[in-house]
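Number of protein chains: 2
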Amino acid sequence: MVQKLNGRSRDRALARKREILRSAAAAFRRRGFDGASVEDIAAGLGMTKGNLYYYFKDKREILYFCQDHSADRMIEEAERIGRLRVPADEKLRRLIGAQLRCMLDELDGAAAHLEVSALPPARLDRILAKRDRYERAMRGIVEAGVRSRVFTPCDAKLAALAILGAVNWTAKWYRPDGPLTVEQISAEFGRILVQGLLRRT
Amino acid sequence: MVQKLNGRSRDRALARKREILRSAAAAFRRRGFDGASVEDIAAGLGMTKGNLYYYFKDKREILYFCQDHSADRMIEEAERIGRLRVPADEKLRRLIGAQLRCMLDELDGAAAHLEVSALPPARLDRILAKRDRYERAMRGIVEAGVRSRVFTPCDAKLAALAILGAVNWTAKWYRPDGPLTVEQISAEFGRILVQGLLRRT
Chain A
1 MVQKLNGRSR DRALARKREI LRSAAAAFRR RGFDGASVED IAAGLGMTKG NLYYYFKDKR
61 EILYFCQDHS ADRMIEEAER IGRLRVPADE KLRRLIGAQL RCMLDELDGA AAHLEVSALP
121 PARLDRILAK RDRYERAMRG IVEAGVRSRV FTPCDAKLAA LAILGAVNWT AKWYRPDGPL
181 TVEQISAEFG RILVQGLLRR T
Chain G
1 MVQKLNGRSR DRALARKREI LRSAAAAFRR RGFDGASVED IAAGLGMTKG NLYYYFKDKR
61 EILYFCQDHS ADRMIEEAER IGRLRVPADE KLRRLIGAQL RCMLDELDGA AAHLEVSALP
121 PARLDRILAK RDRYERAMRG IVEAGVRSRV FTPCDAKLAA LAILGAVNWT AKWYRPDGPL
181 TVEQISAEFG RILVQGLLRR T
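Going line by line, the protein sequences match chains A and G. Just so you know, we're using this note's numbering here: the first sequence kicks off at 1 and counts up by one. Just so you know, we're using this note's numbering here: the second sequence kicks off at 1 and counts up by one.
Isolated chain A, as found in the complex (with noise of 0.2 Å):
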């Protein structure tokens, strides 16, 4: 019994954890980090900034969860795209529309507009570390698409840094108000992107 509520009000935790994230994430949208105050964070969630608190210890610990929540996302989408059985040049435009859904959105996309260096060096290398397993997790999908003659052989570190750099790079100018859905990019960017690394038969 006592089990269970402790697994209850861990979720309750959680939950709340998740909300003050979410609100965190659009203050720093809003404001940039330096910007955005932890009153405004509270505020948003009619919390009191002592009560925020409670969850984390400061504004630079929700940057870290933040960041750390949109890796393991990011992670996730990559390896399950790259299990799948489907041809390289079809996971390569899932992925790249699974990291702009990711990006852009509410709660995430905020992390991505955001610079790490605000964050304490040991969790700017684990942030770092999951940036790189990303990466790893694309540059591989490239890899067995020429391995299965999909792509034309092409140097796929530099092939994943450009498509990287091309998604990464939206966070600077999307505007959720703009005329461009999320979908609409992505299905432009898949076919740019992609079709480069197509062998021309």
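Do not rely on the hints blindly, as some may be mistaken.
Given that identical chains are not distinguished, each listed pair holds provided it fits within a single copy or across any two copies.
Stated by the list, open to error - Dumping the calculated DSSO-like pairs for lysine-lysine here, alpha-carbon to alpha-carbon at most 27 Å: (1) Lys172 x Lys59; (2) Lys157 x Lys57; (3) Lys172 x Lys157; (4) Lys130 x Lys172; (5) Lys130 x Lys57; (6) Lys17 x Lys59.
The set of hints was computed from the structure by calculation and includes no laboratory data. Treat the numbers as computed from the prediction; the structure is a model and nothing was measured.
With chain A held as given, fit chain G onto it using these hints.
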């Protein structure tokens, strides 16, 4: 005679300003805009801080001139390439190479690594207007390529943003002492990013 002397001292002042921008670019690249001090920049030239203030009011003014010089150089290249009598795919490959050389070389490259957000609003607007002009020049090449049936019909704005993103992102990962030269990156990016736009015959 007075005229001539004035001309000469103007040239000398301009040359000195360029040396300062070069030293500043190196200091910004090494330590970041916040981390680099005016003393660092002056020391790199064997100047005193006071002497440097004769040419530039403060560090933000140096940042502005770095960005402005880099933007002018890129616009000049884009407009020159746009006027060449070569097919659109060749223009686009040359522009990708020109932007990479401009971004990754010693002087101008540093500007690409810097956030412009430290600039005062009026100057920020001028830099952003120049970046827009560069983006339009690239988009114009894509549009002309679609009209001349070298490229497949596409959203030229999105295509230009994909290319710009891939190229701009190199500032995040390129290392002058890394395994790839700027020319190798240019060749592979030119191939991958332009081939995706070609009309498939």
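Tested hints:
Taking identical chains as interchangeable, the C-alpha atoms of Lys172 and Lys59 lie at most 27 Å apart whether they share a chain (23 Å) or sit on different chains (25 Å). Taking the shortest Cα distances, Lys157 and Lys57 never come within 27 Å of each other, neither inside one copy (38 Å) nor across copies (43 Å). For the homomeric pair Lys172 and Lys157, the shortest alpha-carbon distances inside one copy (23 Å) and between copies (15 Å) are both at most 27 Å. When the C-alpha separation of Lys130 and Lys172 is checked against a cutoff of 27 Å, the pair qualifies both within a copy, at 21 Å, and between copies, at 16 Å.
In the homo-oligomer, the alpha carbons of Lys130 and Lys57 lie at most 27 Å apart inside one protomer (23 Å), although the nearest pairing across protomers, at 42 Å, exceeds that limit. For the homomeric pair Lys17 and Lys59, the shortest alpha-carbon distance inside one copy (13 Å) is at most 27 Å, but the shortest distance between copies (40 Å) is not.
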